[in-house]
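> First to last, the sequence lines map onto chains A and B. Going by our numbering, the residue at position 148 of the first sequence is 156; the numbering climbs one at a time, nothing skipped. Going by our numbering, the residue at position 186 of the second sequence is 200; the numbering climbs one at a time, nothing skipped.
You may find that some hints are simply not true.
[Claimed, not checked] Dumping the calculated DSS-like pairs for lysine-lysine here, alpha-carbon to alpha-carbon at most 30 angstroms:
1) A:K267 to B:K129
2) A:K110 to B:K31
3) B:K198 to A:K175
4) B:K31 to A:K175
5) A:K175 to B:K87
6) B:K127 to A:K272
7) B:K146 to A:K205
8) B:K146 to A:K175
9) A:K175 to B:K16
10) A:K110 to B:K75
11) B:K30 to A:K175
12) A:K175 to B:K129
13) B:K127 to A:K267
14) A:K267 to B:K121
15) A:K190 to B:K146
16) B:K146 to A:K272
17) B:K87 to A:K190
18) B:K75 to A:K175
19) B:K31 to A:K167
20) B:K146 to A:K267
21) A:K167 to B:K146
22) A:K272 to B:K129
23) A:K175 to B:K127
24) A:K190 to B:K127
25) B:K121 to A:K175
26) B:K30 to A:K167
27) B:K30 to A:K110
Calculated from the structure, these hints are not laboratory results.
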Amino acid sequence: MANTTKKVIKNRVAFLEQKIPGYVSVLGITGILLLWELTCRLNIVPPLFLPAPTAIITDGWEMISSGELLKNLLASLYRILGGYAIGAVLGIMVGLLLGFSKLADAIFTPIVYSIYPIPKIALLPLIILWFGIGEMPKVAIIALGVFFPVLINTFSGVKSVDPSLIKAAVTFGSNHFNVIRKVILPGALPTIFAGLKLAAGTALLLLVSAEMIAAQYGIGAMVLHYGNLMITTKLMAGVLILSLLGLMFNRGLQWLERKLIPWK
Amino acid sequence: MKIVIENVEKRFTDSKKNEVLALEDINFTINEQEFVVLVGPSGCGKSTLLNIVGGLLSPSKGQVYFEGTEEDKEPTLGIVFQEIALFPWRSVFENVTFGLEERGASKAERAEKGKHYIDMVGLTGFENAYPKQLSGGMKQRAGIARALAVEPDLLLMDEPFSALDAQTRTIMQEELLTIWNRTKLSTLYVTHNIQEAVYLADRVIVLSRHPGHIKKIIPIDLPKIGRDQDQYRAQFEKYADEIWQLIRHDAEEALKEA
Ligand SMILES: Nc1ncnc2c1ncn2[C@@H]1O[C@H](COP(=O)(O)OP(=O)(O)OP(=O)(O)O)[C@@H](O)[C@H]1O
Ligand SMILES: [Mg+2]
Numbered sequence: 009m010a011n012t013t014k015k016v017i018k019n020r021v022a023f024l025e026q027k028i029p030g031y032v033s034v035l036g037i038t039g040i041l042l043l044w045e046l047t048c049r050l051n052i053v054p055p056l057f058l059p060a061p062t063a064i065i066t067d068g069w070e071m072i073s074s075g076e077l078l079k080n081l082l083a084s085l086y087r088i089l090g091g092y093a094i095g096a097v098l099g100i101m102v103g104l105l106l107g108f109s110k111l112a113d114a115i116f117t118p119i120v121y122s123i124y125p126i127p128k129i130a131l132l133p134l135i136i137l138w139f140g141i142g143e144m145p146k147v148a149i150i151a152l153g154v155f156f157p158v159l160i161n162t163f164s165g166v167k168s169v170d171p172s173l174i175k176a177a178v179t180f181g182s183n184h185f186n187v188i189r190k191v192i193l194p195g196a197l198p199t200i201f202a203g204l205k206l207a208a209g210t211a212l213l214l215l216v217s218a219e220m221i222a223a224q225y226g227i228g229a230m231v232l233h234y235g236n237l238m239i240t241t242k243l244m245a246g247v248l249i250l251s252l253l254g255l256m257f258n259r260g261l262q263w264l265e266r267k268l269i270p271w272k
Numbered sequence: 015m016k017i018v019i020e021n022v023e024k025r026f027t028d029s030k031k032n033e034v035l036a037l038e039d040i041n042f043t044i045n046e047q048e049f050v051v052l053v054g055p056s057g058c059g060k061s062t063l064l065n066i067v068g069g070l071l072s073p074s075k076g077q078v079y080f081e082g083t084e085e086d087k088e089p090t091l092g093i094v095f096q097e098i099a100l101f102p103w104r105s106v107f108e109n110v111t112f113g114l115e116e117r118g119a120s121k122a123e124r125a126e127k128g129k130h131y132i133d134m135v136g137l138t139g140f141e142n143a144y145p146k147q148l149s150g151g152m153k154q155r156a157g158i159a160r161a162l163a164v165e166p167d168l169l170l171m172d173e174p175f176s177a178l179d180a181q182t183r184t185i186m187q188e189e190l191l192t193i194w195n196r197t198k199l200s201t202l203y204v205t206h207n208i209q210e211a212v213y214l215a216d217r218v219i220v221l222s223r224h225p226g227h228i229k230k231i232i233p234i235d236l237p238k239i240g241r242d243q244d245q246y247r248a249q250f251e252k253y254a255d256e257i258w259q260l261i262r263h264d265a266e267e268a269l270k271e272a
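All chains, full assembly: derive it from the sequences and hints.
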C-alpha cells in the first residue's frame, strides 16, 4: 500500500443538469437588438431594407397614439379569436364523436383524412364565393384551419385513453355519456392541447394570409399596405405585433393547460 | 345471495383467425360472505374468467348470475384491477367516491363513506393527493377503497398485489384480511401466488390450461385469521404443496411455450 492515492468519483453526466441563470436569455435578446441597432446606425444595411429597432419603436408608438394600430389589431383579434373558438369547439366535439362511435369513425374518418391535407388558404376564393366578402370568410377559413388539427388530435387522444379506465368507469356504474365526460374527455385532454397549440400557429398564418388577400383592416392588411408603400418601419411594427400575438396565444394556452390538467 | 357461474366457456379468435378455447366447462358458486381464490399458471384464463364474472366480457357459452337477490335491485360489483386503473385526474377522495357519484349518492353520503373507506385502507391525509403522488401500495389501497365504497354484492380482485414488492405485499395481504373481516363481502380473487391463495381463501379453485378448466376445488380448513402462525405451518404447507403439485406440470409447459 505504498503509493496509493485517493481518486474521487465525479459525476460524469453533470453537464446534463447544468443550471443556466435566467438573465442569460435576456442577455441574448439584448445582444441581438444592440447588434441590430449598431448595424443600422453604421449604415451597413440601408434603413429601407432593415430599419433600426429604435426607428420601429418610434413609428410604432406613433401608430399606437393615432389609434391606427388598435383599429387593425381589434379587427384581427376578432377574426382569429372567433375562428379559433369555432374551429376548436367543433374539432373537439367531432373528434370525441369519431373516437367514441365506431360507426361515425367508419363513415367520417376517410373524409376527414382526404380534406385534411388541403392547404386551407387555397379554399379562400371558394369560401369568399360562398360567404361574400366581409368578416365571414376570414373567420371561416381560420375555423377550418383550426378544426382539422384539433379534430385529429382529439381523435387520437380518445383512442389512446387507457381501456382499463373505461372498464373501471363502467364497472362502477357510469353510463355512456359519463364515460365520455368523466373518462374519455379528461384522458384525451393532454393530446387535445397538443392539437390546440399546433392549431394556434395555423390560425395566425391563415389570419395574415386571408387579410393580405382580402381585407381593408387587420394586421395582415396593414403589413401588406406598408410594404407596398415601402415604409418598412411600420411594416416591421406590424410584424412585431404578430410575433407578440403568437407569443400571447401560446402563453394563454399554456396557462389554460396548467389550469385544466393539474394532475400532470 | 350467491353467485353462480354455470357452464361458462370462452373462445377467442386470435390474430391468425385460429380459434382458441380459453375456458371450458367452468362451474362453481360463490356463497354469501365467501372468499374464493382462483389460482393457475399464466395464460390459463384467470383474467378472462374474472372479466366474464365482472360483466366486462361475454362468455361464448353459459352464464353468470346472482341467486337470491331482491326483486328490484341490480346487484353491484366492485372490481380491483390488476392495472389499478385509478383515474389520474381525480384525487384519492374523488376516485374512492366515484362509484357513489355514479349511483347518485348525495354529497353528504359521499363525504361520509369516502372518509370511512379512506380511513379503512389507511390513506387518511391523502384525500386530496393525485394518484401520481402515491406509491404503488398506496395506489392499490385507493383502488381497494374505491371498490369497497360501493359496498358491492360481489368484490372482484385481479392480482391486486402482483406489482408490489414482497414486503408491501405481505402487509397488504394482512390488511386485506382485516378489512375483509369487517366487511365480509363475497369475493372472487385471482392470483398466481399459491401462498397468497392459501393465506386468503375459504376455497381455492385450481385452474389448468389448454383449455382453461377447473382442476380441483380445495376448501381451506384453517381459521381465517392468523394462518401464518406456527401452529398451522404444517397444514398451510400441505395445502400449498397440494396446489403446487396440481399446477406444476402446467406451469412448466407454460414456460416452454414462452
Ligand atoms: N382478447 C383476446 N384475444 C385472443 N386471445 C385472448 C384474448 N384474451 C385472452 N386470450 C387468450 O386466452 C388465454 C387466457 O388469457 P388470460 O389473460 O385470461 O390468462 P391469465 O390466466 O389471466 O394469465 P396471467 O396469469 O398471465 O395474467 C390466453 O391463452 C390468451 O392468449
Ligand atoms: Mg391475468
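> Hint by hint, say whether it matches the structure.
Against the structure, the hints come out as follows:
1. Proposed proximity of K267 (chain A) and K129 (chain B) is supported: the alpha carbons are some 27 angstroms apart, at most 30 angstroms.
2. Among the hinted pairs, K110 (chain A) with K31 (chain B) is consistent with the structure: their alpha-carbon atoms are about 22 angstroms apart, no more than 30 angstroms.
3. Restraint check for K198 (chain B) and K175 (chain A): satisfied, since their Cα atoms lie roughly 25 angstroms apart, inside the 30 angstroms limit.
4. For the given pair, K31 (chain B) sits about 26 angstroms from K175 (chain A) by alpha-carbon distance, which is consistent with the 30 angstroms threshold.
5. Of the pairs offered as hints, the one joining K175 (chain A) and K87 (chain B) holds, with about 22 angstroms between alpha carbons and a cut-off of 30 angstroms not exceeded.
6. Under the criterion of a C-alpha separation no larger than 30 angstroms, the hint pairing K127 (chain B) with K272 (chain A) is consistent with the structure, at around 27 angstroms.
7. With a C-alpha separation of about 25 angstroms, the suggested pairing of K146 (chain B) with K205 (chain A) holds against the 30 angstroms cut-off.
8. For the given pair, K146 (chain B) sits about 20 angstroms from K175 (chain A) by alpha-carbon distance, which is consistent with the 30 angstroms threshold.
9. With a C-alpha separation of about 24 angstroms, the suggested pairing of K175 (chain A) with K16 (chain B) holds against the 30 angstroms cut-off.
10. A threshold of 30 angstroms between alpha carbons decides the hint, and for K110 (chain A) with K75 (chain B) the separation of about 26 angstroms falls inside it, so the pair holds.
11. Proposed proximity of K30 (chain B) and K175 (chain A) is supported: the alpha carbons are some 26 angstroms apart, at most 30 angstroms.
12. Our distance criterion of 30 angstroms between C-alpha atoms is met by K175 (chain A) and K129 (chain B), whose separation comes to about 25 angstroms.
13. Proposed proximity of K127 (chain B) and K267 (chain A) is supported: the alpha carbons are some 29 angstroms apart, at most 30 angstroms.
14. Between K267 (chain A) and K121 (chain B) the CA atoms are separated by roughly 24 angstroms; this keeps the pair inside 30 angstroms, and the hint holds.
15. Using a Cα cut-off of 30 angstroms, the hinted pair K190 (chain A) and K146 (chain B) holds, with the two alpha carbons roughly 18 angstroms apart.
16. Of the pairs offered as hints, the one joining K146 (chain B) and K272 (chain A) holds, with about 8 angstroms between alpha carbons and a cut-off of 30 angstroms not exceeded.
17. Only pairs whose Cα atoms come within 30 angstroms are accepted, and K87 (chain B) paired with K190 (chain A) is accepted, the gap being roughly 25 angstroms.
18. The hinted pair formed by K75 (chain B) and K175 (chain A) meets the criterion: a straight-line CA distance of about 22 angstroms does not exceed 30 angstroms.
19. The straight-line distance between the Cα atoms of K31 (chain B) and K167 (chain A) is roughly 24 angstroms, inside the 30 angstroms bound, and the hint therefore holds.
20. A threshold of 30 angstroms between alpha carbons decides the hint, and for K146 (chain B) with K267 (chain A) the separation of about 17 angstroms falls inside it, so the pair holds.
21. Restraint check for K167 (chain A) and K146 (chain B): satisfied, since their Cα atoms lie roughly 22 angstroms apart, inside the 30 angstroms limit.
22. Only pairs whose Cα atoms come within 30 angstroms are accepted, and K272 (chain A) paired with K129 (chain B) is accepted, the gap being roughly 25 angstroms.
23. Restraint check for K175 (chain A) and K127 (chain B): the C-alpha separation of about 23 angstroms stays at or below 30 angstroms, so the hint holds.
24. A distance of roughly 21 angstroms separates the Cα atoms of K190 (chain A) and K127 (chain B); the hinted pair therefore holds under the 30 angstroms criterion.
25. Distance restraint check for K121 (chain B) and K175 (chain A): the Cα-Cα separation of roughly 24 angstroms lies within the 30 angstroms cut-off, and the hinted pair is therefore satisfied.
26. Annotation: proposed proximity of K30 (chain B) to K167 (chain A) holds, straight-line Cα distance about 24 angstroms (limit 30 angstroms).
27. About 23 angstroms separates the Cα atoms of K30 (chain B) and K110 (chain A), which keeps this hinted pair within 30 angstroms; it holds.
Violated hints are absent here; each numbered hint is respected by the structure.
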